[in-house]
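Number of protein chains: 2
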Amino acid sequence: MNVAVLYSGGKDSSLIAIILKKMGFNPKLINVNFGIFKSYLPAMRSAESLGFDFILLELDREILEKGVDMIVKDNFPNNGIDYIHKEVIKNLSDFEYDIIADGTRRDDRVPKLTKNEIRSLEDRKNVQYINLDGFGYKTIDLIANKFFEFKKEKSNRENSDYEVEIRYLIDERGFKSCEIFPEHYQTRVVGFKNR
Amino acid sequence: MNVAVLYSGGKDSSLIAIILKKMGFNPKLINVNFGIFKSYLPAMRSAESLGFDFILLELDREILEKGVDMIVKDNFPNNGIDYIHKEVIKNLSDFEYDIIADGTRRDDRVPKLTKNEIRSLEDRKNVQYINLDGFGYKTIDLIANKFFEFKKEKSNRENSDYEVEIRYLIDERGFKSCEIFPEHYQTRVVGFKNR
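These protein sequence lines map, in sequence, to chains R and Y. Just so you know, we're using our numbering here: the first sequence kicks off at 1 and counts up by one. Just so you know, we're using our numbering here: the second sequence kicks off at 1 and counts up by one.
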């Protein structure tokens, strides 16, 4: 069984990876990069700290450009991030994975695949898609705190989600990413607790 | 941490129980009974076969009666089953559980708590609710087949979901439960594989 987890190094995607491992799979942790900035390094270090295989998936910069078009037009990140995530999953489903997973959870609004989009993906691509939709943030925090050591980091650099390259591209175009994405802290997984 | 899983002995509720166990919890498996028929026995045996603590939760027959009112009126089970499930969760949330889980999955239409109902439950009762909404039936079958031995049984007796007592009550009222619930087979978990 070939299992892929879209991985940012954060607690959500680390948790779905651990669930899959405990269910007897050997998931590969995948971080996507669009060639703008080497934002995959934190995710790579997190994956290594947990003993998972890490894969860097390089996708066409065009996807990020289109997402940023939407974000700049909306002056709000949600539609653009959602677009990028769905393109990433579409691309990933062309590889030979039996299961594709991500760490989206019940209280995430974007990125989020609708049930129809999931059904369509599974049927067209003969793949199974799973996420953390059954879990709220409180339960995810509770379980993640049992398993993982964290480091708190500013969201603009030491992090591997789409936001980092999106910010770069927005600034490159002469807009101010800090006005669209308020600065916030994110926790990155840096290893297991109690092992 | 006090963790309760609403448990029927089927693969879905067995899987969420195993996930919780692998996440370091010691969930209690709970089957609800309304005093109409001892439908909890199969779930009790399944729970024992997996080494979990089993709790029989006896609730007011009135809940089942109201659910059956709806089913007979609709000549269709969905609304009544949904009503019963939500009443059960409401009752369970009055006990001292930190987490309440059930085996409802992505492709279940009923019973199913909406996101607003979950948020309201979690806020009002200071409890965390989780389910298998992130998983489709293919992935659940795949994982359940890794872990569990099954027995296929007719859905009308050797089973512990709400349907058994609902059927009894419908028949008791002089209606034909077999016309509302088409007979089908269900798999019951009877132990672990490879152990």
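Take the hints with a grain of salt, since some may be wrong.
Pairs involving identical chains hold if they fit within one copy or between any two copies, as the list cannot separate such chains.
Taking lysine-lysine pairs in the BS3-like style, the calculated list, with each CA pair at most 25 Å apart, reads [what the hints assert, rightly or not]:
1. Lys152 / Lys73
2. Lys28 / Lys90
3. Lys28 / Lys73
4. Lys138 / Lys22
5. Lys66 / Lys146
6. Lys154 / Lys21
7. Lys125 / Lys146
Worth flagging that the hints you see were computed from the coordinates, not collected in a lab.
Tested hints:
Within a single copy, Lys152 and Lys73 get their C-alpha atoms no closer than 31 Å, and across copies no closer than 56 Å, so neither meets the 25 Å cut-off. With identical chains, the CA atoms of Lys28 and Lys90 are at most 25 Å apart within one copy only, with a shortest distance of 17 Å there and 39 Å across copies. In this homomeric assembly, Lys28 and Lys73 never come within 25 Å of each other (Cα to Cα): the closest approach is 35 Å inside a single copy and 51 Å across copies. Both within a single protomer and between protomers do Lys138 and Lys22 lie at most 25 Å apart by alpha-carbon distance, with minima of 21 Å and 18 Å respectively.
Within a single copy, Lys66 and Lys146 get their C-alpha atoms no closer than 39 Å, and across copies no closer than 42 Å, so neither meets the 25 Å cut-off. With identical chains, the CA atoms of Lys154 and Lys21 are never at most 25 Å apart, being 29 Å at best within one copy and 34 Å at best between copies. Taking the shortest alpha-carbon separations for Lys125 and Lys146, only the inter-copy value of 23 Å comes in at or below 25 Å, while the best intra-copy value is 35 Å.
This entry does not satisfy hints 1, 3, 5, 6, going by the numbered hints stated previously.
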